[in-house]
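S.K.: Which chain is which? The protein sequence lines are A and B, in order.
Counting from -14, one number per residue, gives the positions in the first sequence under this note's numbering.
Counting from -14, one number per residue, gives the positions in the second sequence under this note's numbering.
Heads up, a few of these hints could be off.
Since the list gives no way to pick out one identical chain from another, each pair is judged satisfied if it fits inside one copy or across any two copies.
[Said to hold, decoys possible] Derived DMTMM-like pairs (lysine to aspartate or glutamate); straight-line CA-CA distance at most 25 Å:
1) 317 - 62
2) 266 - 81
3) 85 - 121
4) 351 - 250
5) 183 - 167
6) 124 - 2
7) 372 - 290
8) 85 - 112
9) 28 - 214
10) 372 - 448
In case anyone wonders, no lab produced these hints; they're calculated from the structure.
Protein chains: 2
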Amino acid sequence: MIKLDYTNVSNNIIGDEGLDIERIFNEYAPRIQEIITNLNMNKDKPGYWLQWMNLGYREETVWYVKEFAAMVDGRFDNILVLGIGGSSLGGLALSEALLKPYWNLLDKEQRDNFPRIFFLDNIDPDEISGLLNILDLKKTLVNVITKSGSTAETMAQFMIIKDRMHELLGDDYRKNIVATTDKQAGILRQLANEEGYKTFVVPDDVGGRFSVFSAVGLLPLALVGIDIDEIIRGIKLMDLTLKNTDIRKNIAAQNALIHFLMDKEKGKYISVMMPYSSKLKYFPDWYAQLWAESLGKAYNKEGIEIHNGPTPLKARGVTDQYSQMQLFNEGKNDKVITFIRVNEFDNELMIPNIFEYTGVNYLGGKTINRLMNAEIDAASVTFCDYKRPNLTISLPRINEYYLAQLFYLYEIQTAIAGELYNIDAFSQPSTEHSKDYTYALMDRLGYEESANELREKIAKNKEIMGLN
Amino acid sequence: MIKLDYTNVSNNIIGDEGLDIERIFNEYAPRIQEIITNLNMNKDKPGYWLQWMNLGYREETVWYVKEFAAMVDGRFDNILVLGIGGSSLGGLALSEALLKPYWNLLDKEQRDNFPRIFFLDNIDPDEISGLLNILDLKKTLVNVITKSGSTAETMAQFMIIKDRMHELLGDDYRKNIVATTDKQAGILRQLANEEGYKTFVVPDDVGGRFSVFSAVGLLPLALVGIDIDEIIRGIKLMDLTLKNTDIRKNIAAQNALIHFLMDKEKGKYISVMMPYSSKLKYFPDWYAQLWAESLGKAYNKEGIEIHNGPTPLKARGVTDQYSQMQLFNEGKNDKVITFIRVNEFDNELMIPNIFEYTGVNYLGGKTINRLMNAEIDAASVTFCDYKRPNLTISLPRINEYYLAQLFYLYEIQTAIAGELYNIDAFSQPSTEHSKDYTYALMDRLGYEESANELREKIAKNKEIMGLN
């Protein structure tokens, strides 16, 4: 079971910058009880966007995903995931964590015959050309992921790649495509029906950033041999734990409340996510989307303008001790830092007893694992010396079971935080706003007027400033 | 020449959230003139830590680097850089930008016979084991980088790898090591002398985060075939431009002043760095270190406690339009966003005219390059609609010449910002603080007392909270 240690956000440790944990747990116990009760009560109701809370119990999805993975086993050298934002970040973060390091550089044998995996989550022409240069499309399975099928970036990627596959493979190209999309509506569903692609479903009422445990995340993971049964087991256990309405027993509620009050009462507007593990390097990216898109809202539920939102910030231990930590300690005291600690790594590496007559001789004969954990201790005590609030989440080790717990913990925590802030955690109005401008600039029908306005705006702005 | 467009931070465009550019340029012209004059006057004086301003003129370094690269040409399949923070981020960011995409996955031929390159900037035991698993150490050149030789992380990595090389290669292992370190002092210099490694120098009075254009950054780049003469040409041109003491002609001064006043007068405590290019994915990491460590300071030059420091935040376009942008637009208005725009990519990719009877038909027949630039325009106008200040730096294209300009621009800008904030931009006291704790926990001689204190502190904190 993963653990949360909130010692170092307490006013007993860091004085006025900290919280009176006893007091806030008592004060918020009824509100937390109400929030958790409501979440569990509403999770099946349409329009609440809480269906992600049921993803641990969709046995048929797991079954279909495993069946498909078994069916294509050995057929492909590469999996190419086309998707952006929530359609890619979960799979990316989990595969980076759960596959052997440097997976794509390993021999097929070292990969136990599973394929390499690539996530294309941008439209950089040089990156796409480079990728097409290294992938044999005949031996590549493309998993295109977009619920609506109208995501311009993903569809543009798909159009380019599908066209090349068609040319290369003739009508057989279909066998190299699997689409994850809405169960009946949208452009990609229409195309899949017409052209005959294998499909998986992005379930209704599951937002992109909460979709990692649907087919969106599970399919790519299963295709490279990750044990999705263990993932489901991790979610289920965490779901049981987090159903507990008692704040003293629910770490998602504790962490949500601490972050909420750190923001509101202590001016900690920035939430730093700092795993001490290279395998978790993309976890902060997934967290950043979840926290930023869910909590960054202009209006509260009553329609009052509030411009809410703590800012997530990505970091990595120990690397960032030599980069961002100087600022975290001595700069504005506006951050709450979360360490992720891995108790046991898969490997233990001894630092040999060499260089005995030099100043680094103290390292010899100790493991580098010990150095890693010494660094977390050193960093967290340093933060306390500077009165900087910090929390530690501990994972017994990195595997499917514990990572599923970690990701699910953060989903629940985000939902609870949304309620504490009294905002809708499941919308993203400004993303839509920017999309419309993009459509306009790409001459999409129906956006002509917006396009003219936009071009005039840009030209006028430059004129005002005497530029161009 | 790279360009800065500050249209969208002006109060003409975003109202009260913006700055009166005319007024501030007039008001600060004398101060900027003084700062730039002083920087150029002091750059050769010891103790000012401004020697990085001379790195474009050290012809002998460039010569030695090129000579060594030519000498080992064809001998190695891999370059492995051991270093952390400033010893790694510059080389990492520049090699990612300047090498062909997916470099380490290319055939040797596609790499024009140059080696693959790996930066090991962490001490994760699983990552190190994984790396040792894929590298043939006989065909690997290790470039170990630490000025003092006492950086525990880098030296621990080096001890593990040197020991294996020794075992594998006998006394020939020396030929596979090149050390970049102090010219005469420190543990690594001592070892290099005793064991006979080829060495390069980290120049005096050049801090880690300003060392990218010394041998620290140039050597790894030259070893994989990057044109360091073009890099030097880029720095020199930029250096001339930035010597201009007139704020109206010096974009480093403009950007420093705008960021300074956005922080101090407009409450924009966060500086978002958002390149629209996959090749620039590590540029925000380099920038984050430079900006955070340089400006995040507890005391000003007069020793008054100020807890200074805007927080740099990493982002990537277009990807983060589906992740962090919702928060940037609708959350707290506490950010200034910098777009990096690439005018011309190396490749132009056409989106084919397929799916003509669907809602994505508007994409067909246009280039994905056009979509990329439409997205920046859409994002920047959206930011303006939400009254969020944003700047754009444009690169004509991505190559050695323009990237050197970009990196050098930011170094100068950081130095100017340090003066505006009246802080010492070239120290990092809190990093040292945390290092001492690490030494203590690793039983380094002389740190016993500190170790006991530290362990008691950790135990006591947990006791207070009733944990453990």
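S.K.: Work down the list of hints and note, for each, if the structure agrees.
M.R.: Results for each hint:
no.	hint	in the structure
1	317 - 62	neither (49 Å within a copy, 46 Å between copies)
2	266 - 81	both (8 Å within a copy, 17 Å between copies)
3	85 - 121	both (22 Å within a copy, 18 Å between copies)
4	351 - 250	neither (43 Å within a copy, 51 Å between copies)
5	183 - 167	within (13 Å within a copy, 60 Å between copies)
6	124 - 2	neither (56 Å within a copy, 53 Å between copies)
7	372 - 290	between (32 Å within a copy, 14 Å between copies)
8	85 - 112	both (24 Å within a copy, 9 Å between copies)
9	28 - 214	within (23 Å within a copy, 62 Å between copies)
10	372 - 448	between (48 Å within a copy, 19 Å between copies)
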